[in-house]
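If you read the protein sequences in the order shown, they are chains A and B. Residues 1 to 303 (this note's numbering) are what the first sequence spells out, left to right. Residues 1 to 241 (this note's numbering) are what the second sequence spells out, left to right.
Bear in mind the hints are in silico, worked out from the structure with no lab data behind them. Treat the hints with care, since some could be wrong.
What the hints assert, rightly or not - Below 30 Å or equal to it, Euclidean Cα-Cα: the simulated DSBU-like pairs (lysine-lysine) are:
| no. | chain 1 | residue 1 | chain 2 | residue 2 |
| --- | --- | --- | --- | --- |
| 1 | A | LYS174 | B | LYS11 |
| 2 | B | LYS132 | A | LYS172 |
| 3 | B | LYS84 | B | LYS65 |
| 4 | B | LYS135 | B | LYS65 |
| 5 | B | LYS135 | B | LYS177 |
| 6 | B | LYS135 | A | LYS186 |
As the list claims (entries may be wrong) - Pairwise CB distance ranges, derived in the manner of DEER restraints:
| no. | chain 1 | residue 1 | chain 2 | residue 2 | range |
| --- | --- | --- | --- | --- | --- |
| 7 | B | SER4 | A | HIS102 | 36 to 42 Å |
| 8 | A | THR173 | B | HIS19 | 33 to 39 Å |
| 9 | B | SER4 | A | TRP168 | 42 to 48 Å |
| 10 | A | ARG275 | B | GLU122 | 58 to 64 Å |
| 11 | B | LYS65 | A | GLY100 | 25 to 31 Å |
| 12 | B | GLU122 | A | THR171 | 55 to 61 Å |
| 13 | A | GLY100 | B | ALA36 | 29 to 35 Å |
| 14 | A | HIS102 | B | PRO174 | 41 to 47 Å |
Every value quoted in this text rests on a predicted model; they were computed, and no experiment measured them. Just so it is clear, CB atoms sit at the ideal spot from N, CA and C, and this is done for glycine as well.
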Amino acid sequence: MLEIIIQNIINALQWGSFYALIALGYTMVYGVLTLINFAHGDVFMVGAYISFFTATLLLSFLGVPGWVALALTIPITMMLTAMVGVSLERIAYRPLRRKGAHRLYVVITALMCGLILEHANLAILGASRKAFPELITTHVYNIGGITFTNLKLAVIVTAILAFFILQWIVTKTKVGMAMRAISYDKFAVPLMGIPIDSIIVVTFALGSAFAGLAGILFAMSYPILEPYMGALIGWKAFIAAVVGGIGDIRGAFLGGFILGAVEILVVAVFPSTYRDLIAFTVLLIILSIKPTGLFGIAKTTKI
Amino acid sequence: MLLSVENLIVKYGNIQALHGISFHVNEGEIVTLIGANGAGKTTSLYSVTRLPPPEAPKVVSGDIKIHGQSILETPASALVSDLKCALVPEGRHIFGNLTVMENLILATYSRDKSIDFNPEMERVFTLFPRLKERKNQRSESLSGGEQQMLAVGRALMTGCTFLLLDEPSMGLAPVLKYEVFRTLKRLNEEGLTILLIEQNANLALQLAHRGYVLDTGNIVAEGTSSELLGNPEVKKAYLGG
Numbered sequence: 001m002l003e004i005i006i007q008n009i010i011n012a013l014q015w016g017s018f019y020a021l022i023a024l025g026y027t028m029v030y031g032v033l034t035l036i037n038f039a040h041g042d043v044f045m046v047g048a049y050i051s052f053f054t055a056t057l058l059l060s061f062l063g064v065p066g067w068v069a070l071a072l073t074i075p076i077t078m079m080l081t082a083m084v085g086v087s088l089e090r091i092a093y094r095p096l097r098r099k100g101a102h103r104l105y106v107v108i109t110a111l112m113c114g115l116i117l118e119h120a121n122l123a124i125l126g127a128s129r130k131a132f133p134e135l136i137t138t139h140v141y142n143i144g145g146i147t148f149t150n151l152k153l154a155v156i157v158t159a160i161l162a163f164f165i166l167q168w169i170v171t172k173t174k175v176g177m178a179m180r181a182i183s184y185d186k187f188a189v190p191l192m193g194i195p196i197d198s199i200i201v202v203t204f205a206l207g208s209a210f211a212g213l214a215g216i217l218f219a220m221s222y223p224i225l226e227p228y229m230g231a232l233i234g235w236k237a238f239i240a241a242v243v244g245g246i247g248d249i250r251g252a253f254l255g256g257f258i259l260g261a262v263e264i265l266v267v268a269v270f271p272s273t274y275r276d277l278i279a280f281t282v283l284l285i286i287l288s289i290k291p292t293g294l295f296g297i298a299k300t301t302k303i
Numbered sequence: 001m002l003l004s005v006e007n008l009i010v011k012y013g014n015i016q017a018l019h020g021i022s023f024h025v026n027e028g029e030i031v032t033l034i035g036a037n038g039a040g041k042t043t044s045l046y047s048v049t050r051l052p053p054p055e056a057p058k059v060v061s062g063d064i065k066i067h068g069q070s071i072l073e074t075p076a077s078a079l080v081s082d083l084k085c086a087l088v089p090e091g092r093h094i095f096g097n098l099t100v101m102e103n104l105i106l107a108t109y110s111r112d113k114s115i116d117f118n119p120e121m122e123r124v125f126t127l128f129p130r131l132k133e134r135k136n137q138r139s140e141s142l143s144g145g146e147q148q149m150l151a152v153g154r155a156l157m158t159g160c161t162f163l164l165l166d167e168p169s170m171g172l173a174p175v176l177k178y179e180v181f182r183t184l185k186r187l188n189e190e191g192l193t194i195l196l197i198e199q200n201a202n203l204a205l206q207l208a209h210r211g212y213v214l215d216t217g218n219i220v221a222e223g224t225s226s227e228l229l230g231n232p233e234v235k236k237a238y239l240g241g
């Protein structure tokens, strides 16, 4: 019995790690711009594809060993995905902001951008799925009836590490202070000599880089890529961020793991087709009890 | 001349807020703009500080110059980081979710990283000892007076040489008002140039060297503080008899 519980906890942590990493991006952008960047799930998808191309190029064409390819794929993917996120902001959101457009139109634009990313992928790469190459040999460990792989552990450790890095940036650096300051009072930020746009760029870069990281880890764990892979997981990560209290990175992280845990739990007890139905229902109940999310306090500190 | 505003016409949407006003501030001066609510004082200030839309008023014609250079195309943040002009806005606008210390550190954002900010921090704490006592508190927990001190302290940490203040005495108890004004006087004596917007004309003219009286978007009187204090018209309209 105990090993079943521990087994499920490990599974939940691994599954929740993907949600948590993606939810961080939703919550940071919301904190700074009060914009729900619905294209973020598709930025994750783009990240997975970037890692696919990078890894394939390194392995098949340059013939570097798997671990070197992995060590290079991670920073390259994070960097390129960050650039995708920043370009999205520059091309799609900033012009609207300049014109003083209502938030609603920016959210609609974000939805459109997500669809464009999906269908551009479909148009350019076709409908066939891509198989992600194996970068490191997966070892299966079995300790006292609990099985886990090195990859699973790496996913969990990476997500937790990412959280602490981000938490450090937000609480200890000037950029992080500026991000929190914007979420509290956008008006006064330029008065500190801080160009708001530069902080927005950093926010998109960070959030997208972590979505890219989630993309690599996901592609390594479930090595089949398709253009719509970011849609559902993106929605779920967004809901995770809301459940945690959108605007708060601790909340995004916690929300991601809660969602992961609920889904794993459901599958452990019910047929797997019930998974999303029950998971969303549980989240709906949490929100109806605490609409601002677990870490959210109605209209105060965000991020 | 540090700041010169020349024939400035400003609109908010379709409403003309300033009808071609001119004023200037010399280096080392304290200059005040006084006038009733809605006279255009804050508009004049926001025109200078180039705040982004929708707050920024639209300059229709005229010019605003700092050290002889037009700043009409200068973004608000560059005004602080490059031209060393800082604004203490009405309502203080401190970052309530940051600690007192973080508010002060954030104000150094655009400055040279190699500068040691500790002496300046100490100077702010000498001016406002209350801030030192509360440096690790979230600033939304401060009282109104303390928040005003933080707003001024924060502006000083930007390394400004020219400080613009919008209604710094608003909502403060009389004792605190005098404390803030005494501090401004001391800062001026240490070399800071100040442009002060104030409803309390008496208080403002006691502090300032010169003043301008605004009425419905026009400058209706100007002169040294003692001239304005002695002007019967000004006395009647703005100084309570």
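Here's how the hints hold up against the structure:
1. Between the alpha carbons of LYS174 (chain A) and LYS11 (chain B) the distance comes to roughly 36 Å, so the proposed pair goes past 30 Å and is violated.
2. For the hint pairing LYS132 (chain B) with LYS172 (chain A), the CA-to-CA distance comes to about 20 Å; that is within 30 Å, so the pair holds.
3. Distance restraint check for LYS84 (chain B) and LYS65 (chain B): the Cα-Cα separation of roughly 13 Å lies within the 30 Å cut-off, and the hinted pair is therefore satisfied.
4. At roughly 37 Å between alpha-carbon atoms, LYS135 (chain B) and LYS65 (chain B) are farther apart than 30 Å, so this suggested pair is violated.
5. For a cut-off of 30 Å, the pair hint linking LYS135 (chain B) to LYS177 (chain B) stands: about 22 Å separates their Cα positions.
6. Among the hinted pairs, LYS135 (chain B) with LYS186 (chain A) is consistent with the structure: their alpha-carbon atoms are about 22 Å apart, no more than 30 Å.
7. The hint said 36 to 42 Å for the Cβ distance between SER4 (chain B) and HIS102 (chain A), and at roughly 38 Å that hint holds.
8. Checked against the given bound of 33 to 39 Å, the beta carbons of THR173 (chain A) and HIS19 (chain B), roughly 46 Å apart, lie outside it.
9. Remark: the range hint 42 to 48 Å for SER4 (chain B) to TRP168 (chain A) is upheld by a beta-carbon distance near 46 Å.
10. In this structure the hint that ARG275 (chain A) and GLU122 (chain B) lie 58 to 64 Å apart at CB holds, the actual value being about 59 Å.
11. At about 28 Å, the beta-carbon gap between LYS65 (chain B) and GLY100 (chain A) stays in the expected band of 25 to 31 Å.
12. The beta-carbon spacing between GLU122 (chain B) and THR171 (chain A), approximately 24 Å, falls outside the hinted interval of 55 to 61 Å.
13. Between GLY100 (chain A) and ALA36 (chain B) the Cβ separation comes to about 30 Å, which falls inside the hinted range of 29 to 35 Å.
14. Taken as a hint, the range 41 to 47 Å holds for the pair HIS102 (chain A) and PRO174 (chain B), whose Cβ atoms sit roughly 43 Å apart.
The structure fails hints 1, 4, 8 and 12 (numbered hints given earlier, in ascending order).
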